Amino acid sequence: MIQKGWLVSLLLVFPLFGLAQLAPNMVEGSVAERTEDGKTAPLVGVNVYWEGTSIGTSSDNTGQFMIERTNKTKQLVFSYIGYRNDTLEVNTDKIPVVVMDVSRELGEVEVVHRQKSTEISMLGSVKVEHIGEKELCKAACCNLSESFETSPSIDVSFTDAVTGSRQIQMLGLAGPYVQMTRENIPDMRGLASIYGLTLVPGTWIESIQLNKGTGSVVNGYESIAGQINLEMRKPEVADRLYLNLFANAESRLEANLNLAHRFKNENWSTALLLHGKNNSRKFDHNNDGFMDMPIGSTFTALNRWTYNGGQGIHLQFGVKGSAMSSEGGELDFQPEDALTSNGWGMNVDVKRLEGWAKIGKVFYDLPWKSMGLQLAATTHEQDSYFGLNAYHAEQQSAYANFIYQSIIGNTNHEFKTGVSLQYDDFHETLNDTIFNREESVPGVFFEYSWLPSDAFSLVAGMRADYHNLYGAFLTPRLHVRYAPAEQTVLRLSVGRGQRTASVISENSGILASSRQIIFQGKANDYPYGFGPEVAWNYGLNLTQKFELGYRPGSISFDFYQTDFSSQVVLDLDQDPQQALFFESSEKSYSTSFQGQVDYELVQRLDARFAYRWYDVKTTYRQGLLAKPLLASHRAFLNLAYETRNSWSFDYTINWQGEKRIPNTSSNPPEFQRDGYSPDFFLMNAQVSKSFSERFEIYVGVENLTGYKQDNPIIASDQPFSPYFDSSLIWGPIYGRKSYVGLRFRIQ
Amino acid sequence: MRTSILFSVILGLFFSVVVFAENGEKKKKVETLEFEVSGVCGACEKRIEKAALIKGVKMAEWDKQTQKIKVIYSTKKTDEKAIHQAIAKAGHDTKKVKATDEAYAQLNDCCKYRDGVEIH
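As they're listed, the protein sequences go chains A and B. Following the numbering used here from start to finish, the first sequence increments by one per residue and tops out at 758. Following the numbering used here from start to finish, the second sequence increments by one per residue and tops out at 112.
Keep in mind the hints are simulated off the structure, nothing from the lab. Among the hints, a few may not be true.
Stated by the list, open to error - 30 Å max Cα-Cα, derived DSS-like pairs, lysine-lysine: (1) B:K42 with A:K556; (2) A:K598 with B:K42; (3) B:K38 with A:K748; (4) B:K68 with A:K380; (5) B:K87 with A:K372; (6) A:K598 with B:K60; (7) B:K68 with A:K275; (8) A:K362 with B:K56; (9) A:K83 with B:K68; (10) B:K87 with A:K380; (11) A:K700 with B:K60; (12) B:K73 with B:K47; (13) B:K73 with A:K83; (14) A:K293 with B:K42; (15) B:K60 with A:K628; (16) A:K748 with B:K62; (17) B:K90 with A:K427; (18) B:K104 with A:K380; (19) B:K42 with B:K68; (20) B:K104 with A:K83; (21) A:K83 with B:K69; (22) A:K556 with B:K47; (23) A:K556 with B:K104; (24) A:K427 with B:K87; (25) B:K60 with A:K372; (26) B:K69 with A:K427; (27) B:K62 with A:K380.
Quick caveat, the model's predicted, so the values are computed rather than measured.
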């Protein structure tokens, strides 16, 4: 019913925006060549594109062209076989006739490279994996937590067998150790660290930048394992209309509608992004009496505005609202029986509202100088129960960051400096226990970049922050890049990270068990009685680009070490009937190694092979043990093939080694689990066909072999016994799933 | 308590740095220049830009297609002539100063713009 209403409103909005579209911000001009008699003649089919982008067009049979403006660059490139490339800086809407010169080198052929879906930059001091739209389209990619399926750097796993929520891990550390930012503003902190991922639809994302290890001090002190930055669809460049519909065989339905509008003769543009998801049928393929996936719906909407004014003023702001509701648990559970032992049920309601603004000023006569102010405010509410556990939580957050960028002497010495404020107010109630905390952290930062040559660069940053509960602390970070050859880059990073653990929401999987939750904190004002989590991260990586048989490839090796000097540990091993939280400064570390090769095997067949190894250990009450439910070994192969007539095939195979399962040996024999899970393979495949620039259809299968974890829930037949536990998940909880979807766009 | 004093000191220092930087730039007179420099490739670009970044020059960007360099410099610390000379000394002809044959001879073969090497 809800879904119908949503569809109706969608249909109402659709034509309105379609008609309201007028000529957006376009640049027009014409291209010509010089004829033998010295006159000019129009040149047909010249490639015209913005430098460094994929936005392009070609001249028509009168030599004329029209191209949409981008805010990324003003350099317009003209290229044509047999002619010399021409680049023009465009500041007006109409440009004079461009006369192209014939290249004197006969037979010079312009090599047009296919855009790679994931690109590792060779230039920046920080190793950043840039995941573009093409990569995001490889997977069904319904929301952010599912969009890392083709990225070997990220592990995605289920938190438990009833809520259907997934969490990501980087360097073997849980998602909350990764700093998430939305266009460089910290996002998905605290309560949203797990559910926040499901509130970002894949089709809203323009690109993802992923970097392992320590991040920049400009974005705060919280990143420990790495950083993931999301760039959402930009009103200035997004398709005017983008519709995505998706359905899977288990009647999960999703619809995404992105609309962008650029106002005529104005500097304003706006985008409206809408997403709706519904899961209405209950399934229990493993016959344990519990739904495999919860039912429910999610709605999110985002509206953003940008303004490009004169004098280098740039302004943007937006709001995003999300509502998620999901129900799970026993198939015959009735909501009236909530929090009673008549039936085991689960219900999670999340409401989240975010608002943000960015104001920037650049100086045209001093191009190295800029100032920017980022502001954000969030309110998040979760109301939920898991069997007999009731959990209610609220979070209010505010963020402000002022950044001033300039140079010292000349452009070989750049710096960024500024002040920031992070404010968080939490109210959590777990059963009868109340946890409140208010954190307020003002800080200053300075980051210096030394760029003496193309072969070497260094970024050194320092933050000083004052936490109202934990006091003052310094966050030093360093990135060094050295390129001994043009195709070889060596990078090094070192840095400190600190964060406050929101222990309940970050480990919400344990709520779906009969485990008694114990906080062994101190009797002080600290959140849950725990101090901050502090860790140092050291990273070294090597990227080598190569060309073999005229096709480009790259090979990279990463090594990262994270050492916690203090951590809030969740111990599931002490007792299978307990979930024990305690603060520890004992040994806890993560060592990770990853090797990855990307190569175009034959024309238009891209392959990515990766292997990674983790050694993640923490000192539990029983001693130093491997982190549970995490594979030490993982191998990954992705093949992507594109035909000349726009069919694309994508295949991913993933092998995960054995994982340690928390100790259950004190349970009755039928409720015990082996000490280690078996290793297993997972395969996904997708075929898509685009019929025109506007229309594309895709069909895919997740988990092709249908491999599943047997009996994912311990004591599923006795959910109110002390042995019930749905949080020991090491593998897929459902089998093969097929899906179909379409994408329709108007540029 | 001590930490908060430390913190205020750091905050104070930070602001004075920003204010100082701002004032500093206003007093200096900053000029932008654009002129032609001969060169043919990426190696030339690096060499030209590096040569132009003498004391007082804040930014130098050369484009091989247009053959033009954009230089932003502080008039108190250097002048136009010095920049032209510095580039010529590296072996590249500017609109106003020709590189000596000795300086030109130092260039790699791929950069010999006087000997018919095309922009590549």
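Verification of the supplied hints:
For the hint pairing K42 (chain B) with K556 (chain A), the CA-to-CA distance comes to about 26 Å; that is within 30 Å, so the pair holds. For the given pair, K598 (chain A) sits about 48 Å from K42 (chain B) by alpha-carbon distance, which is inconsistent with the 30 Å threshold. For a cut-off of 30 Å, the pair hint linking K38 (chain B) to K748 (chain A) is broken: about 54 Å separates their Cα positions. Between K68 (chain B) and K380 (chain A), the direct Cα distance comes to roughly 20 Å. Compliance with the 30 Å bound is thereby established for this hinted pair.
Between the alpha carbons of K87 (chain B) and K372 (chain A) the distance comes to roughly 34 Å, so the proposed pair goes past 30 Å and is violated. Note on K598 (chain A) and K60 (chain B): the hinted pairing is violated, with a Cα-Cα distance of about 58 Å set against a maximum of 30 Å. In summary, the hint linking K68 (chain B) to K275 (chain A) is not supported, as the alpha carbons are separated by about 45 Å, beyond the 30 Å threshold. Proposed proximity of K362 (chain A) and K56 (chain B) is contradicted: the alpha carbons are some 55 Å apart, above 30 Å.
The suggested pairing of K83 (chain A) with K68 (chain B) is violated, with an alpha-carbon distance near 34 Å, which exceeds 30 Å. Restraint check for K87 (chain B) and K380 (chain A): the C-alpha separation of about 29 Å stays at or below 30 Å, so the hint holds. Annotation: proposed proximity of K700 (chain A) to K60 (chain B) is violated, straight-line Cα distance about 46 Å (limit 30 Å). Distance check on the hinted pair: K73 (chain B) and K47 (chain B) sit about 13 Å apart at the alpha-carbon level, within 30 Å; holds.
The suggested pairing of K73 (chain B) with K83 (chain A) is violated, with an alpha-carbon distance near 34 Å, which exceeds 30 Å. About 67 Å separates the Cα atoms of K293 (chain A) and K42 (chain B), which puts this hinted pair outside 30 Å; it is violated. For the hint linking K60 (chain B) to K628 (chain A), the alpha-carbon distance of about 57 Å lies beyond 30 Å, and the restraint is violated. Simply put, K748 (chain A) and K62 (chain B) have alpha-carbon atoms about 58 Å apart, too far for the 30 Å limit, and the pair is violated.
For the given pair, K90 (chain B) sits about 39 Å from K427 (chain A) by alpha-carbon distance, which is inconsistent with the 30 Å threshold. Taking the CA atoms of K104 (chain B) and K380 (chain A), the gap is near 35 Å; set against the 30 Å cutoff, the hint is violated. Proximity of K42 (chain B) to K68 (chain B) is assessed by CA-CA distance (about 20 Å); at most 30 Å being required, the pair is judged to hold. A distance of roughly 34 Å separates the Cα atoms of K104 (chain B) and K83 (chain A); the hinted pair therefore is violated under the 30 Å criterion.
A threshold of 30 Å between alpha carbons decides the hint, and for K83 (chain A) with K69 (chain B) the separation of about 34 Å lies outside it, so the pair is violated. For the given pair, K556 (chain A) sits about 36 Å from K47 (chain B) by alpha-carbon distance, which is inconsistent with the 30 Å threshold. For the hint linking K556 (chain A) to K104 (chain B), the alpha-carbon distance of about 29 Å falls within 30 Å, and the restraint holds. For the hint linking K427 (chain A) to K87 (chain B), the alpha-carbon distance of about 36 Å lies beyond 30 Å, and the restraint is violated.
Between K60 (chain B) and K372 (chain A), the direct Cα distance comes to roughly 27 Å. Compliance with the 30 Å bound is thereby established for this hinted pair. Taking the CA atoms of K69 (chain B) and K427 (chain A), the gap is about 24 Å. The hint holds against a cut of 30 Å. The suggested pairing of K62 (chain B) with K380 (chain A) holds, with an alpha-carbon distance near 16 Å, which does not exceed 30 Å.
When each numbered hint is compared with the structure, violations occur for hints 2, 3, 5, 6, 7, 8, 9, 11, 13, 14, 15, 16, 17, 18, 20, 21, 22, 24.
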